[in-house]
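Visitor: Protein chains in written order, with my numbering: chain S, 1 to 159; chain A, 1 to 159.
Everything labelled a hint here was simulated from the structure, so no lab data went into it. Hints should not be assumed to be uniformly reliable.
Said to hold, decoys possible - Some chain A residues close to chain S (C-beta under 8 Å, calculated; not the full set):
hint: 1; residue: E19
hint: 2; residue: L31
hint: 3; residue: Y63
hint: 4; residue: D66
hint: 5; residue: S77
hint: 6; residue: M81
hint: 7; residue: A83
hint: 8; residue: P85
hint: 9; residue: S109
hint: 10; residue: L126
hint: 11; residue: I135
Predicted model only: the values in this text are computed from it and were never measured. All C-beta atoms, glycine included, are put in the ideal place defined by N, C-alpha and C.
Number of protein chains: 2
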Amino acid sequence: MTPEPLTADAFAPYGDVLEATGQSRAINAGLCARFHDRARLDFGPEGQAGISIFQAECRSLPYACDLLERHPDGSQSFIPMSADPFLVIVAEDDAGHPTRPRAFLTNGSQGVSYLRGTWHGVLTPLTGPGLFAVIDRIGDTPNLEEHRLVDPIVIKGTP
Amino acid sequence: MTPEPLTADAFAPYGDVLEATGQSRAINAGLCARFHDRARLDFGPEGQAGISIFQAECRSLPYACDLLERHPDGSQSFIPMSADPFLVIVAEDDAGHPTRPRAFLTNGSQGVSYLRGTWHGVLTPLTGPGLFAVIDRIGDTPNLEEHRLVDPIVIKGTP
């Protein structure tokens, strides 16, 4: 499949797009706009929020995604620390199995936050340093389910 | 004053440097390194973590900082969404007043997290789009104290 542009509406069933669009309020004497509280965060009853740094290797298109994962105990948010697009692969759940995958490409000024339990591909930068801040649940449970795909999802580049 | 390079040791009294240094663990079949849980987050008993996007105007050096602020009810973390250095100004507290200010310059691959109640300057990008993800307390209190400086802190550029 070819990745779709990432928009808040299209992504809403899977999570939130973290970007400077829509309503904001001026702070710092008008020199900064605050787009307030943009993600449906959830760290579970026994967990707490943490910030980790991920350093990922860049991939290239076409990209074959053969593994999806989800975090049953919390949301997971990815903030790119460079202005580079990255690939976002998600899927719906059907009785514990991922189904109907979709692929999005960020515009270089967007992060994403996956809702608790949302099937998604691993971090897939296509260009840039591959450096991300990740806000997710810190807790005692494994908080990870993996599902290997018999038929990989192949993401094509734009022709 | 001239800004110091931002290092974890120098910044520790004020907060945490969010960067890909030190211990990590390999995830995603070895294609990603996770630098785990790098900030001392604190959202207070009645608050919760939120992610907001800040769009700040760039400043230039020399920069006169005449206002410091602090958040009595929670930590505040800044993740740059482009690989550009920004200025970080902090101060100690002396009976409710900021004192002994210090200025740091990030290296372009660093975010910062201010400890709850730490005096700091407003967001001050020097180059780039000025786009940041901010992780701070979402709650019902104002969570803001401001202190206007009679004598501004003047940050010089490198000669």
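Visitor: For each hint, tell me whether it holds in the structure or not.
Guide: Status of each hint after checking the structure:
no.	hint	verdict
1	E19	6 Å, holds
2	L31	5 Å, holds
3	Y63	12 Å, violated
4	D66	10 Å, violated
5	S77	6 Å, holds
6	M81	6 Å, holds
7	A83	4 Å, holds
8	P85	12 Å, violated
9	S109	6 Å, holds
10	L126	13 Å, violated
11	I135	6 Å, holds
Comparing the model with each numbered hint stated earlier shows that hints 3, 4, 8, 10 do not hold.
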